[in-house]
Structure formats: structure tokens, C-alpha cells
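Residue numbers (this note's numbering), protein chains in the order written: chain Z, 385 to 498; chain L, 19 to 132.
Just so you know, not all the hints are guaranteed correct.
[Said to hold, decoys possible] Derived DEER-like restraints, expressed as beta-carbon distance ranges:
{"id": "1", "chain 1": "L", "residue 1": "R62", "chain 2": "Z", "residue 2": "D413", "range": "18 to 24 Å"}
{"id": "2", "chain 1": "Z", "residue 1": "K440", "chain 2": "L", "residue 2": "N28", "range": "20 to 26 Å"}
{"id": "3", "chain 1": "L", "residue 1": "G71", "chain 2": "Z", "residue 2": "K400", "range": "47 to 53 Å"}
{"id": "4", "chain 1": "Z", "residue 1": "G446", "chain 2": "L", "residue 2": "T38", "range": "34 to 40 Å"}
{"id": "5", "chain 1": "Z", "residue 1": "S415", "chain 2": "L", "residue 2": "Y68", "range": "31 to 37 Å"}
Note that these hints are calculated values from the structure, not bench results. Virtual Cβ for every residue (Gly too), placed ideally from N, Cα, C.
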Amino acid sequence: AQKVTQTQTSISVVEKTTVTMDCVYETRDSSYFLFWYKQTASGEIVFLIRQDSYKKENATVGHYSLNFQKPKSSIGLIITATQIEDSAVYFCAMRGNSNNRIFFGDGTQLVVKP
Amino acid sequence: EAAVTQSPRNKVTVTGGNVTLSCRQTNSHNYMYWYRQDTGHGLRLIHYSYGAGNLQIGDVPDGYKATRTTQEDFFLLLELASPSQTSLYFCASSDWGGSQNTLYFGAGTRLSVL
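Okay, chain Z solo, but in the shape it has when bound (with noise of 0.2 Å):
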């Protein structure tokens, strides 16, 4: 079975500080992506950044970055120098390599204050 799990259901940070979201994924497919999107107050979701599973180096994509462990199964993200455009929901999602369909958790509300 594939699984993605994000136990987080909000997060509340002041604006220039860091935040990480936690995700657990679950898997029996050898060779998998992980992705992060985001989804503003529009209802607009959009992608931010992806981490294939044979990559050994943490994904890095302007002030986000991911912390990938593998044998935890876990898959980090990190803002930094959070900005008040940032809060939105956050959604962890998987794609194993054996289909073609990605898997979402529920998803992490990120409100940032000033």
C-alpha cells in the first residue's frame, strides 16, 4: 500500500523565521518521488519542489529545501526566512515508479505572522 501522512494540521511561525513540515510516506516500490505543492487562500495549488529517491542530496529550490530520510521514510520541508505570502496549505505527495498515480497527505497550514 502507498501511504503519505503529514501530522501537522497547523503551524504558526513569525515572518524571517525558519519552519519545517513534517511528511512520512509508506512504499514498496524501489524507486519513488516526493513532492511538496502549495495551496494559496485562491484555491490555487502549485508545485515547489520534488526529491527523487535514488538522489542522495537534499532538493533545494530558491528559500525551500527538503530533508530527505530515507530510512525513516521521511521527507522534510524547510522555508526559510518565511515571508506573510507564504502561509498557504502545504501538501506532501508521493509517486512510486511501479504506476502512475501520486498520492497526497492531507495537508499543513502554514499561517505566518508579522
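Knowing the structure of chain Z, use the given hints to seat chain L on it.
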């Protein structure tokens, strides 16, 4: 940037009504998906397709039909709408294995079944 267009953006119907949600992508992606989003459930897969004429069943298919008429167009049909189908619906597309290797989402359709 991949373009996925959903229509209508908002729809209100009555119980037992017939509804068609439309999705068009203009990036020649092979895969297209329909998700529903409800509070507390994240994104749940209804149906997906890997090409014209193909249809795969997702995790919550009951009460929904789908049809992929062309590479670009994927439709979701609710033939006897029920209040439990009130939700926010997203279409997404991807060209897995290509350089982009992620999902691109439409803006969503908010459906209310009275």
C-alpha cells in the same frame, strides 16, 4: 509553464441533476487526473487517464464517470448528483518521465449540489 483549464469555475445543481466538468490541457501531457478536495481529506483521486480513450479508476470513483475524448480533453460526469458530491474539484496533468515530472493543476471547480 503547463496550462490546465477547468470549466465551469463554479456550478450549482440540484440533487439528481446532471453535471459535466471539463478540463483541457495544452501541453500534450499523457496523463490527466480528476481529484476532489474536502476539508479534512486532502486531495482524493476520482479517475485518471493516460491517453485518449483510456480510463483508470481512482480511490473514490462511486457516482462519477469520466471520459478522455482527446489528448487535451478530460471530462468528469455526475449523472445523478447528490449532496455528498458537493466539493472542490481539481483536474491535473503530467508527462511523467519528462523533464517536468510533476503534476500541473487547474484552478478548480467548486460544485454545490443542493
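| request: Identify every previously stated hint that the structure contradicts and give their numbers, smallest first. | output: 2 and 5
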